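Construct the complete structure from the given sequences, taking the supplied hints into account.
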Amino acid sequence: MTDLSVRVEDKLYQNRYQVDAGKVHIKVREHDTPTAPLRALLTACPARCYELNDKGQVELTADGCIECGTCRIIGEASGDIEWNYPRGGYGISFKFG
Amino acid sequence: MIDERFDAIVVGAGMAGNAAAYTLAERGLKVLQLERGEYAGAKNVQGAILYADMLEKIIPNFREDAPLERHLVEQRFWMMDDRSHTGMQYRSDDFNEEKPNRYTIIRTQFDKWFSQKVRDAGALVICETTVTGLVQNGEGRVIGVKTDRADGEVHADVVVLAEGVSGLLGSRAGLRDRPEADKVALAVKEMHFLPSETIEARFNLKGDEGVVIEAAGTISQGMTGMGFIYTNKECISLGIGCLVSDFQSTGETPYDLIERFKKHPSVAPLIEGSEVKEYSAHLIPEGGYKAIPQLYGDGWVMVGDAAQLNNAIHREGSNLAMTSGRLAAEAIFQVKSRRDPMTAENLSLYKKMIDDSFVMKDLKKYKDMPALLHTQSKNFFLTYPQLVSKAMQDFLRVDGTPKAQKEKATLKSFVSARSWWGLAGDAVRLARAWR
Chain A
-2 MTDLSVRVED KLYQNRYQVD AGKVHIKVRE HDTPTAPLRA LLTACPARCY
48 ELNDKGQVEL TADGCIECGT CRIIGEASGD IEWNYPRGGY GISFKFG
Chain B
2 MIDERFDAIV VGAGMAGNAA AYTLAERGLK VLQLERGEYA GAKNVQGAIL
52 YADMLEKIIP NFREDAPLER HLVEQRFWMM DDRSHTGMQY RSDDFNEEKP
102 NRYTIIRTQF DKWFSQKVRD AGALVICETT VTGLVQNGEG RVIGVKTDRA
152 DGEVHADVVV LAEGVSGLLG SRAGLRDRPE ADKVALAVKE MHFLPSETIE
202 ARFNLKGDEG VVIEAAGTIS QGMTGMGFIY TNKECISLGI GCLVSDFQST
252 GETPYDLIER FKKHPSVAPL IEGSEVKEYS AHLIPEGGYK AIPQLYGDGW
302 VMVGDAAQLN NAIHREGSNL AMTSGRLAAE AIFQVKSRRD PMTAENLSLY
352 KKMIDDSFVM KDLKKYKDMP ALLHTQSKNF FLTYPQLVSK AMQDFLRVDG
402 TPKAQKEKAT LKSFVSARSW WGLAGDAVRL ARAWR
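Chain order of the listed sequences is A and B.
Going letter by letter, the first sequence gives residues -2 to 94 in the working numbering.
Going letter by letter, the second sequence gives residues 2 to 436 in the working numbering.
It is possible that some hints are incorrect.
In silico DSS-like pairs for lysine-lysine, Cα to Cα no more than 30 angstroms straight-line [as the list claims (entries may be wrong)]:
#1 A:92 to B:278
#2 B:263 to A:92
#3 A:20 to B:113
#4 A:92 to B:207
#5 A:92 to B:264
#6 A:20 to B:278
#7 B:352 to A:92
Rather than coming from a laboratory, the hints here were simulated on the basis of the structure.
These numbers come from a predicted model, not from an experiment.
As structure tokens, then:
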């Protein structure tokens, strides 16, 4: 397996974002061990926003979020994540879309 | 937020929202359109192909100034295994007509143009504003929206929900369900920039001619999904999408999938030396006819992706979005012209109009396809492409083996992979769902 983290960051680097400092639009429910939906987010998120921390919990860094909504489909019904849009004007701004 | 009352509020500035807002404003209604992006198109992602007919019905002379990339003269379908593809392609000089039928577009640029048309028609368009909720009166009738602006409540006779596939408003207000993982696909896309001459040489094109490639097979790793390659003037849109439930169960990653697609020996030479300038992702409603929610109610109508109006079999979404937006607007205009209230009963006119259009007729035709493809994904996206590739290679490789013996071996490989019952069953199921 090649080093995927480098590749995703390279992809996101081209994108344009207005980061809403201190206001994260998605929240992960506190947990000791990740549920199945949370584990699925580690691989399904196309921006690789979800990663395991050193305690084995799923952590979110929403800076590169492309706002596709995949994590909402997987994790909202079970209550594993709380999903919202960024405030108006913030988040990703596609140049080509 | 704004201390005045509107005839209609349109939530979202995508294809459906712009079509609705334009049609309403054009007919003289007082329209407010709200968009959460920095500008119209900032949050929108599509392949993207534009169908001229559906836009012509809204803006007849759009070709004069719309940002169009290439008109399509050729369509290729590829069935892929790991090293090869079996293709079918159709190319015709008839598509070099005065008013071409299909174009490639770059969505953000197109949406900015469409939004300007909406403003020119007289609608008030406010961006950088997220609609956070619907305002309902005591009887549950929608009478406006709440936004994330200070004093951000604004009222109208009717609200057009054009908020897209993952819009929160409809589901939070209980007007539609949140899409389920097996009824929605995640597509990732990259924009590969190359000089126009290079694109024209690689795809055998002249001037503004364009090519579409749709690809299925082992590139989706056995998941229900497809890849695509569309030529624009100076870039190539390349992407791949699969059901969210398949990503969930297989642990495949979207970025690995697009990387593998790009490295496929049939694809790599087409994008060699390109500069990637954007990586995007978007959900696509794949549930078809059976996933369509209630489309209207007291004080509201739902259009486009929010209403699941997407024909996954023909990969048509924007034309259903534009048409539903236009029809919703025409229905609202008729109700308004009669000075009738925007009740569910009166707005049911929109449902009747959309039922009579190609939108519902097409979706109804393929109502059984999603279930078939989703449950048979390993056969349709892995087994058959591999069998076909092997058969084609055996057929073409001249090595002294008698042809009859080769055909026998090919047949045997199909039967041992799927059994006679399996093959016959797949054929019947496909024919039934297609009918």
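Hint check results:
1. The hinted pair formed by residue 92 of chain A and residue 278 of chain B meets the criterion: a straight-line CA distance of about 9 angstroms does not exceed 30 angstroms.
2. A threshold of 30 angstroms between alpha carbons decides the hint, and for residue 263 of chain B with residue 92 of chain A the separation of about 22 angstroms falls inside it, so the pair holds.
3. The suggested pairing of residue 20 of chain A with residue 113 of chain B holds, with an alpha-carbon distance near 28 angstroms, which does not exceed 30 angstroms.
4. The straight-line distance between the Cα atoms of residue 92 of chain A and residue 207 of chain B is roughly 27 angstroms, inside the 30 angstroms bound, and the hint therefore holds.
5. For a cut-off of 30 angstroms, the pair hint linking residue 92 of chain A to residue 264 of chain B stands: about 25 angstroms separates their Cα positions.
6. Taking the CA atoms of residue 20 of chain A and residue 278 of chain B, the gap is about 27 angstroms. The hint holds against a cut of 30 angstroms.
7. Between the alpha carbons of residue 352 of chain B and residue 92 of chain A the distance comes to roughly 35 angstroms, so the proposed pair goes past 30 angstroms and is violated.
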